[in-house]
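In order, the protein sequences belong to chains W and L. Throughout, my numbering is defined as the position within the first sequence, counted from one, plus 76. Throughout, my numbering is defined as the position within the second sequence, counted from one, plus 9.
Bear in mind the hints are in silico, worked out from the structure with no lab data behind them. Every residue gets a Cβ at the ideal spot worked out from N, C-alpha and C, and that includes glycine. Treat the hints loosely; a few may be bogus.
Said to hold, decoys possible - Reference excerpt, derived from the structure (chain L facing chain W, CB under 8 Å, subset only):
#1 K19
#2 S20
#3 Q22
#4 A24
#5 K25
#6 R27
#7 L28
#8 V31
#9 L32
#10 D35
#11 G91
As the list claims (entries may be wrong) - Derived DSSO-like pairs (lysine-lysine); straight-line CA-CA distance at most 27 Å:
#12 W/K154 x W/K108
#13 L/K53 x L/K90
#14 W/K87 x W/K168
#15 W/K147 x W/K256
#16 L/K93 x W/K256
#17 L/K17 x W/K256
#18 L/K48 x L/K93
#19 L/K19 x W/K87
#20 L/K90 x L/K48
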Amino acid sequence: MAEIIVVTSGKGGVGKTTTTANIGVALAAAGKSVVLIDADIGLRNLDVVMGLENRIVYDLVQVVEGVCRVKQALIKDKRYENLHLLAAAQTKDKGAVSPEQMVKLVGSLADDYDYIVIDCPAGIEQGFQNAIAAAQRAIVVATPEVSSVRDADRIVGLLEAANIKDIRLVLNRIRPELTKRGEMLTLSDVTDVLAIDVLGVVPDDESIVTTTNRGEVAVAEAGSKAGAAFRNVAARIVDENVAMLEITSDEKFIDKIRKIFKKS
Amino acid sequence: MGFFGFKKQKSGQIAKDRLQLVLFQDRMNTSPQMLEMLKSDIIKVIASYVDIDEDELDIRIGGDPACGEESPSLVANIPIKGWKRR
Chain W
77 MAEIIVVTSG
87 KGGVGKTTTT
97 ANIGVALAAA
107 GKSVVLIDAD
117 IGLRNLDVVM
127 GLENRIVYDL
137 VQVVEGVCRV
147 KQALIKDKRY
157 ENLHLLAAAQ
167 TKDKGAVSPE
177 QMVKLVGSLA
187 DDYDYIVIDC
197 PAGIEQGFQN
207 AIAAAQRAIV
217 VATPEVSSVR
227 DADRIVGLLE
237 AANIKDIRLV
247 LNRIRPELTK
257 RGEMLTLSDV
267 TDVLAIDVLG
277 VVPDDESIVT
287 TTNRGEVAVA
297 EAGSKAGAAF
307 RNVAARIVDE
317 NVAMLEITSD
327 EKFIDKIRKI
337 FKKS
Chain L
10 MGFFGFKKQK
20 SGQIAKDRLQ
30 LVLFQDRMNT
40 SPQMLEMLKS
50 DIIKVIASYV
60 DIDEDELDIR
70 IGGDPACGEE
80 SPSLVANIPI
90 KGWKRR
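Make a model of the complete structure from these sequences and hints.
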């Protein structure tokens with residue numbers, strides 16, 4: 077029976093789709109069977125981030141409308157055959173699907189996979205309601221900015237109202253050197269106000285831009301710091317007891333090396 | 010605020026203070042309009058006991074960690090002109 081997770085944030089542009097893609101690949105790399113669902117109908121993006129945009133034949137709305145069977149619409153990932161994508165429709169709008177239809181659709185996949193990860197659109201309207209309808213767990217993505225955390229707080233309230241109790245935070249795009257100087261909201265600043273458990277912290281990293289440019293994901297890149305952070309997030313989804321990866325600044329790492337040389 | 014009062018506050022702290030305030034207002038569903046209504050109601054009540062300076066009346070949601078205020082609170086500064094004879 078699959079675990080059904082929604083990745084949401086309220087605010088746009090904080091990294092929901094990137095988080096969904098990276099978690100999906102990391103879970104698949106760990107041997108789990110995974111379906112990623114793009115619930116952003118009308119503005120589909122997950123296919124592009126996954127580098128699968130040329131393979132889409134059917135989309136979510138066509139499945140709901142009965143044009144095709146759900147298995148026909150699942151696109152196999154380039155890298156992992158246990159990873160699948162169900163793309164959003166690009167031409168329809170959010171009203172094309174109802175929360176009840178989403179529950180039915182996700183339910184029809186639940187028996188055959190370990191994880192179903194739903195990429196939620198920005199906002200709190202019908203697209204959000206569709207995306208959370210079938211979810212048992214929620215990952216709230218926020219960046220260390222007042223606007224993002226404010227929206228995340230609203231989302232947590234709406235998730236709780238929808239009776240989703242397992243809600244965890246991914247704090248994305250942190251810049252450790254700024255945090256160290258006191259010029260950025262810290263993880264504890266954010267958790268103090270949101271009062272939810274932390275799943276992981278992801279650094280602001282160029283490799284997200286460069287991998288996404290190529291239609292690849294950072295978790296597949298060995299040297300990527302954000303990739304390592306997302307692998308840790310995925311590991312903590314599977315097993316709560318895995319320790320959280322701490323993000324340190326480069327300066328600090330160099331300082332550490334200097335210290336070692338000074339000692340000897 | 011620094012020890013001598015002129016050291017620039019770190020932006021991370023400013024962000025934290027702004028975040029706490031805005032979330033407090035969101036959660037309480039308080040808006041500037043609500044504060045204005047609260048203000049006029051408070052004036053009505055207090056004015057029947059004391060003469061107050063309505064122009065100088067200041068009501069805001071505070072929560073300034075520098076003043077030792079941990080959680081947001083309602084701060085009212087109501088200058089009194091004189092007590093009413095009863």
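Hint-by-hint comparison with the structure:
1. K19: Constraint on L/K19 satisfied, holds at 4 Å.
2. S20: holds, 5 Å
3. Q22: holds, 7 Å
4. A24: At about 5 Å, which falls below the 8 Å cut-off, the nearest Cβ of chain W leaves the hint on L/A24 intact, so it holds.
5. K25: Since chain W brings a Cβ to about 5 Å from L/K25, closer than 8 Å, the hint holds.
6. R27: holds, 5 Å
7. L28: holds, 5 Å
8. V31: holds, 6 Å
9. L32: Holds, because the Cβ-Cβ distance from L/L32 to chain W comes to roughly 5 Å (cut-off 8 Å).
10. D35: holds, 7 Å
11. G91: violated, 43 Å
12. W/K154 x W/K108: Roughly 16 Å between the alpha carbons, so the hint for W/K154 and W/K108 holds.
13. L/K53 x L/K90: holds, 15 Å
14. W/K87 x W/K168: holds, 22 Å
15. W/K147 x W/K256: violated, 48 Å
16. L/K93 x W/K256: Outside the cut-off at roughly 56 Å; violated.
17. L/K17 x W/K256: holds, 16 Å
18. L/K48 x L/K93: The hint holds at about 20 Å.
19. L/K19 x W/K87: holds, 25 Å
20. L/K90 x L/K48: holds, 18 Å
Checked against the numbered hints listed earlier, the structure breaks hints 11, 15 and 16; every other hint is satisfied.
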